[in-house]
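**Student:** Protein chains in written order, with the numbering used here: chain A, 1 to 66; chain B, 1001 to 1290.
Derived by calculation from the structure, the hints in this document are not laboratory data.
Watch out, some of these pointers could steer you wrong.
[Claimed, not checked] If we take Cβ atoms under 7 Å as the criterion, some of the chain A residues that face chain B in the derived model are: (1) Leu-32; (2) Lys-42; (3) His-43; (4) Leu-46; (5) Ala-53; (6) Val-56; (7) Asn-59; (8) Phe-60; (9) Arg-62.
[Said to hold, decoys possible] A short list of chain B residues far from chain A (calculated; beta carbon distances all over 12 Å): (10) Leu-1012; (11) Ala-1015; (12) Ser-1037; (13) Leu-1061; (14) Ile-1071; (15) Thr-1086; (16) Ala-1129; (17) Leu-1140; (18) Arg-1146; (19) Gln-1147; (20) Leu-1150; (21) Ser-1154; (22) Gln-1158; (23) Ala-1178.
[Unchecked claim] Calculated cross-link-like contacts (lysine-lysine; reagent style BS3-like; alpha-carbon spacing at most 30 Å): (24) B:Lys-1085 <-> A:Lys-64; (25) B:Lys-1085 <-> A:Lys-2; (26) A:Lys-2 <-> A:Lys-64.
Positions of the beta carbon are idealized from the N, C-alpha and C atoms, including for glycine.
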Amino acid sequence: MKSSSLAVGLGVLGVIFIILAVLYAIGVLQILTSTTSGPHYKHAVLFAVLAVASFVAANFARPKTA
Amino acid sequence: MSLAQALFIGLLQGATELFPVSSLGHAVLIPSLLHWSFRQSDPSFVPFLVLLHLGTATALLILYRDQWVVIIRGFFTAAIRGQMKTDSERLAMLLLVGTIPAAVLGVFLESRIKSLFASPYEAAGFLVANGVLMLAFELLRRRAERQAALSGESRGEQEAHFATAERISFRAAALVGACQALAFLPGISRSGVTIGGGLLAGLRHQEAARFSFLLATPVILGAGVLEVPQLFSSGVPVAEYLAAAVLSGVAAYASARFLLRYFRSGRLDPYGWYCIAAGLAALALLHFSL
Chain A
1 MKSSSLAVGL
11 GVLGVIFIIL
21 AVLYAIGVLQ
31 ILTSTTSGPH
41 YKHAVLFAVL
51 AVASFVAANF
61 ARPKTA
Chain B
1001 MSLAQALFIG
1011 LLQGATELFP
1021 VSSLGHAVLI
1031 PSLLHWSFRQ
1041 SDPSFVPFLV
1051 LLHLGTATAL
1061 LILYRDQWVV
1071 IIRGFFTAAI
1081 RGQMKTDSER
1091 LAMLLLVGTI
1101 PAAVLGVFLE
1111 SRIKSLFASP
1121 YEAAGFLVAN
1131 GVLMLAFELL
1141 RRRAERQAAL
1151 SGESRGEQEA
1161 HFATAERISF
1171 RAAALVGACQ
1181 ALAFLPGISR
1191 SGVTIGGGLL
1201 AGLRHQEAAR
1211 FSFLLATPVI
1221 LGAGVLEVPQ
1231 LFSSGVPVAE
1241 YLAAAVLSGV
1251 AAYASARFLL
1261 RYFRSGRLDP
1271 YGWYCIAAGL
1281 AALALLHFSL
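If we strip away everything but chain A, and leave its shape as in the complex, we get (with noise of 0.2 Å):
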């Protein structure tokens, strides 16, 4: 499925992952966390993750040029 708009869908949603992972790195996000203090390394990863997986599918349904 190759389309424009959907890549662009995906790199806004890699975007918002990768602030995610920064607050969930920094301690500001709490939300889901086992304990309600300090930073949470694991969130963080499994967002910085889900941004990579993000970028990388953004990157397959962007239209290719012959």
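For this one, chain A is given, so just place chain B on it according to the hints.
**Tutor:** Chain B alone, transformed into the frame defined by chain A:
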């Protein structure tokens, strides 16, 4: 935990991690049945188990070192190009798709899972459920073999009709990956549910095992690396635990070699029956406090 106990659990974990019999279930059940005094709810027990898993992941990395080089190269090539052209590039993307559900579920279910570690009764119950699952996977596989009219053929010929890991669909890879999350329940086997999922997706037994082992490596490795600082900060005997992790890795390597050979023609049934018997025996022993 004494050194002997740590080494015993290391050997047990490594030997059972890749067999479809739940290493975690065994690691929770056996110390309880042997009346060992250390508490499995102790904060250092989970990082200890994770360190043992790290030994297993290292063994898998060594076993598949050549394949991982090709897979990692394939991942970057396909990611940059935005297209998959070779089998290794497709396998790299399948592993990424399969790893994400397990990682998401693992991170967000962590606290609930840790609370389940405390009960050997639950581990025994889940071990029985794991056995039933293994038998169900093989039942469905035999049905697929009958539908393909393969009943008269030898096991090797039957297996040849099924696919290699690179041919699994992306949807099936995501489902098999999500199945890994079931293994956070002590008693449910990660390799068991992923091999079973691979069989349902139409893979050969040996290929389902290979896909399961490849899929497990990043999750086990990632979880292990992230837990290591906790191990050092909690004042546990790191040297003893590391020795246990090495033993675990050696046992896991031998197990993987055996299983890949076994699954050329073998099935999951013996492991299913073993889990049911072991789970029921453990429940009886726990109930009667023997």
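**Student:** Now, for every hint given, state plainly whether the structure supports it.
**Tutor:** Tested hints:
With a least beta-carbon distance of about 5 Å to chain B, the hint placing Leu-32 of chain A at the interface is held under the 7 Å criterion. Because the smallest distance between the Cβ of Lys-42 of chain A and any Cβ of chain B comes to about 5 Å, under 7 Å, the interface hint for this residue holds. A least Cβ separation of about 6 Å between His-43 of chain A and chain B falls short of the 7 Å threshold, and the interface hint therefore holds. About 5 Å separates the beta-carbon of Leu-46 of chain A from the nearest beta-carbon of chain B, less than 7 Å, and the hint is met.
Taking 7 Å as the C-beta contact cut-off toward chain B, the hint placing Ala-53 of chain A at the interface holds, the least distance being around 6 Å. The criterion of a C-beta within 7 Å of any C-beta in chain B is met by Val-56 of chain A, whose closest approach is roughly 5 Å, and the hint holds. Because the smallest distance between the Cβ of Asn-59 of chain A and any Cβ of chain B comes to about 4 Å, under 7 Å, the interface hint for this residue holds. Among the interface hints, the one on Phe-60 of chain A holds; its C-beta lies about 5 Å from the nearest C-beta in chain B, closer than the 7 Å criterion.
Checking Arg-62 of chain A against chain B: minimum C-beta separation of about 6 Å stays under 7 Å; hint holds. At roughly 26 Å from the closest C-beta of chain A, the C-beta of Leu-1012 of chain B stays outside 12 Å, upholding its exclusion from the interface. A cut-off of 12 Å between C-beta atoms confirms that Ala-1015 of chain B is not in contact with chain A; the least separation is 28 Å. The claim that Ser-1037 of chain B lies off the interface holds: its Cβ sits roughly 27 Å from the closest Cβ of chain A, which is beyond the 12 Å cut-off.
No beta-carbon of chain A comes within 12 Å of the beta-carbon of Leu-1061 of chain B; the shortest separation is about 18 Å. The non-interface label for Ile-1071 of chain B is consistent with chain A: the shortest C-beta to C-beta separation is roughly 14 Å, beyond 12 Å. With a least CB separation of 15 Å from chain A, Thr-1086 of chain B remains clear of the 12 Å interface cut-off, as annotated. The claim that Ala-1129 of chain B is not at the interface with chain A holds, since no C-beta of that chain comes within 12 Å of its own (minimum 26 Å).
Annotated as non-interface, Leu-1140 of chain B keeps its C-beta farther than 12 Å from every C-beta of chain A; the closest such distance is 30 Å. Against the 12 Å criterion, Arg-1146 of chain B stays outside the reach of chain A, whose nearest CB is about 36 Å from its own CB. Under the 12 Å C-beta cut-off, the non-interface status given to Gln-1147 of chain B relative to chain A holds; the minimum distance is some 31 Å. Separation of Leu-1150 of chain B from chain A is adequate, the least Cβ-Cβ distance of about 35 Å exceeding the 12 Å criterion.
Every beta carbon of chain A lies more than 12 Å from that of Ser-1154 of chain B, the smallest distance being close to 41 Å; the non-interface claim holds. No Cβ of chain A comes within 12 Å of the Cβ of Gln-1158 of chain B; the nearest lies about 35 Å off, and the non-interface call holds. Listed as outside the interface, Ala-1178 of chain B is consistent with that label: its C-beta sits roughly 15 Å from the nearest C-beta of chain A, beyond the 12 Å cut-off. The straight-line distance between the Cα atoms of Lys-1085 of chain B and Lys-64 of chain A is roughly 14 Å, inside the 30 Å bound, and the hint therefore holds.
Of the supplied pair hints, the one linking Lys-1085 of chain B and Lys-2 of chain A holds, its CA atoms being roughly 16 Å apart against a limit of 30 Å. Taking the CA atoms of Lys-2 of chain A and Lys-64 of chain A, the gap is about 8 Å. The hint holds against a cut of 30 Å.
Consistency note: the structure conflicts with none of the earlier hints.
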